[in-house]
Each structure stands twice: as structure tokens, then as C-alpha cells.
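Asks: Throw the hints in and build the complete structure from the sequences for me.
Respectively, the protein sequence lines represent chains A and B.
Those letters in the first sequence? Residues 60 to 172, by our numbering.
Those letters in the second sequence? Residues 2 to 117, by our numbering.
Please note that a few of the clues may not be correct.
[What the hints assert, rightly or not] Below are the SDA-like pairs computed for lysine to any residue, each with C-alpha atoms no more than 25 Å apart in a straight line:
#: 1; chain 1: B; residue 1: Lys72; chain 2: B; residue 2: Asn54
#: 2; chain 1: A; residue 1: Lys115; chain 2: A; residue 2: Leu70
#: 3; chain 1: A; residue 1: Lys101; chain 2: B; residue 2: Val116
#: 4; chain 1: A; residue 1: Lys159; chain 2: B; residue 2: Gly64
#: 5; chain 1: A; residue 1: Lys101; chain 2: B; residue 2: Asn85
#: 6; chain 1: A; residue 1: Lys101; chain 2: B; residue 2: Gln7
[Claimed, not checked] Reference excerpt, derived from the structure (chain B facing chain A, CB under 7 Å, subset only):
#: 7; residue: Gly41
#: 8; residue: Gln42
#: 9; residue: Thr105
#: 10; residue: Phe108
#: 11; residue: Gly109
#: 12; residue: Pro110
#: 13; residue: Gly111
Worth flagging that the hints you see were computed from the coordinates, not collected in a lab.
Note that beta-carbon positions come from the ideal geometry of N, C-alpha and C, so glycine has one too.
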Amino acid sequence: QKEVEQDPGPLSVPEGAIVSLNCTYSNSAFQYFMWYRQYSRKGPELLMYTYSSGNKEDGRFTAQVDKSSKYISLFIRDSQPSDSATYLCAIQAGGTSYGKLTFGQGTILTVHP
Amino acid sequence: DGGITQSPKYLFRKEGQNVTLSCEQNLNHDAMYWYRQDPGQGLRLIYYSQIVNDFQKGDIAEGYSVSREKKESFPLTVTSAQKNPTAFYLCASSPWGLAVSQETQYFGPGTRLLVL
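Replies: Okay, here's the thing in C-alpha cells:
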């Protein structure tokens, strides 16, 4: 079993739809949770990070963490064609694993006009 | 203009050849990382370095080597021992090993390595 599981999709939605992207993880030592966006043939860029259970909102993006279920989500409201990209969840343990991120496989999202 | 640069953008390797991928950052970050990205597998950590002249193996270090002689530079060599080197290679950096803050890991634009 992989430490972080993410549905690779692909996911195709119409413009304006609400998008839900999800990851599950198995290691309860994971404490920090991030979402990266990666456009085709580019490096990933950080979208959201959080370290506690609950919701964190930034514009059209909401990151949700449920540590009891080991489940994290990224919601995109009013999706735009410019949101078309691969979305990667990344999780980090604390302690001596500082700096090491474990990534999900990435979900390919296409938002069509 | 601060950031991470990787070169070349595309690199072709012949059988039995060692090739070196360049990564430079001017963000004054202590920690640097190399990842490999294959379709459907996300990013996998090859090597990381938290300080000059020190580095540790990641999850898939076999067939790769690195050096960290300067804070700004963390080159990756793909050796002939790496039998399946075709992939997208990403370099990242962060302040002092801690990836969790507003200043988390920043990524370069990547190098695509192809085998001839």
C-alpha cells in the first residue's frame, strides 16, 4: 500500500463547476498537508498548505483535512479553464523527516469552456 | 529575480553515458531536493541536502549521485547504472529543511531526460 493515494483521474468538468480532489494517507505521523498545481511540462507550484484538521480557504480554493480519517481534499469553486492542470497532494511527517515530502500520484484536471 | 533554474530543458543520454543535470537557486535556501516524475507515479525523492557538503539518499537513489559544494548549487548525475532514466527531473529548495511554512518547497522548471 502506498503511503499516499490519489485518484489520477483524469477529471473533466465544465467551466463554473465545483471540483473536488482527494487524497488518503496511511501514516498517522504525517502532520503537514499541501496541494501543488502543475501545468504541463512545468514545475509544481504551491497552492495551499495546512497542518490541522478543518478547512482553510484562499479565494476559490478550500483545503480540507480530516486527520481522524486520514483524508485530505481540495475544493475548487467556479472552476476556470485556467485551472486545467495536474494537482498533487503532498504530505510531510514531523520530527526527523523535516523537509521530506511524500506526494500523491497527481490528478489531471481539465476544465472545458 | 529570485528563483530556481534548471538546465538543460531537454537532455539526451546514450547507452552507458553519465549525464549531469544542473540546479541553481538564488533564494538563499539551505535545503535542496531532487525528484523524479513519471506518468501516474507522482514525484519520488532521489536525494536531498540540508546543508553544504552533506546530502542523504531519498527513496530511489540507486543509479544517481549528487554533490553540494555550494549553497546555491545541487547538481544531479544520472549514471549508466540507472537503467530506466527517461523521466522528468525536478529540483526544489526550501529554507532549512523545514518544508512547512509560507516559504515551503519551491520547484524549478524541470529537465526532461530521454534515452537515445
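Asks: Double-check Gly109 (chain B) for me: the hint is only fine if its C-beta lies closer than 7 Å to a C-beta in chain A.
Replies: holds (5 Å)
Asks: Need the status of pair Lys101 (chain A), Val116 (chain B): alpha-carbon distance at most 25 Å?
Replies: holds (20 Å)
Asks: Taking 25 Å as the top limit, are the C-alpha atoms of Lys101 (chain A) and Asn85 (chain B) close enough?
Replies: The given pair, whose Cα atoms are some 22 Å apart, holds under the 25 Å limit.
Asks: Is Lys159 (chain A) close enough to Gly64 (chain B), meaning Cα to Cα at most 25 Å?
Replies: holds (20 Å)
Asks: Is the straight-line distance between the alpha-carbon of Lys115 (chain A) and that of Leu70 (chain A) 25 Å or less?
Replies: holds (23 Å)
Asks: Should the hint that Pro110 (chain B) touches chain A count as held when the rule is a Cβ pair under 7 Å?
Replies: holds (5 Å)
Asks: Checking hints one by one. Is Phe108 (chain B) an interface residue toward chain A, by the C-beta closer than 7 Å rule?
Replies: Holds, because the Cβ-Cβ distance from Phe108 (chain B) to chain A comes to roughly 3 Å (cut-off 7 Å).
Asks: Using the nearest Cβ pair, does Gly41 (chain B) come within less than 7 Å of chain A?
Replies: Holds: closest Cβ of chain A sits about 6 Å from Gly41 (chain B), inside 7 Å.
Asks: Does Gln42 (chain B) hold up as a contact with chain A if the rule is Cβ-Cβ below 7 Å?
Replies: Interface hint status for Gln42 (chain B): holds (6 Å vs cutoff 7 Å).
Asks: Given the hinted pair Lys72 (chain B) and Asn54 (chain B), is their alpha-carbon gap at most 25 Å?
Replies: Answer holds: Lys72 (chain B) to Asn54 (chain B) is near 9 Å, not above 25 Å.
Asks: Is Lys101 (chain A) within 25 Å of Gln7 (chain B), Cα to Cα?
Replies: Since the Cα atoms of Lys101 (chain A) and Gln7 (chain B) sit roughly 11 Å apart, the hinted pair holds (cutoff 25 Å).
Asks: When the nearest CB of chain A is found for Gly111 (chain B), is that gap smaller than 7 Å?
Replies: Given a least distance of 5 Å, the restraint on Gly111 (chain B) holds.
The structure fails none of the hints (numbered hints given earlier).
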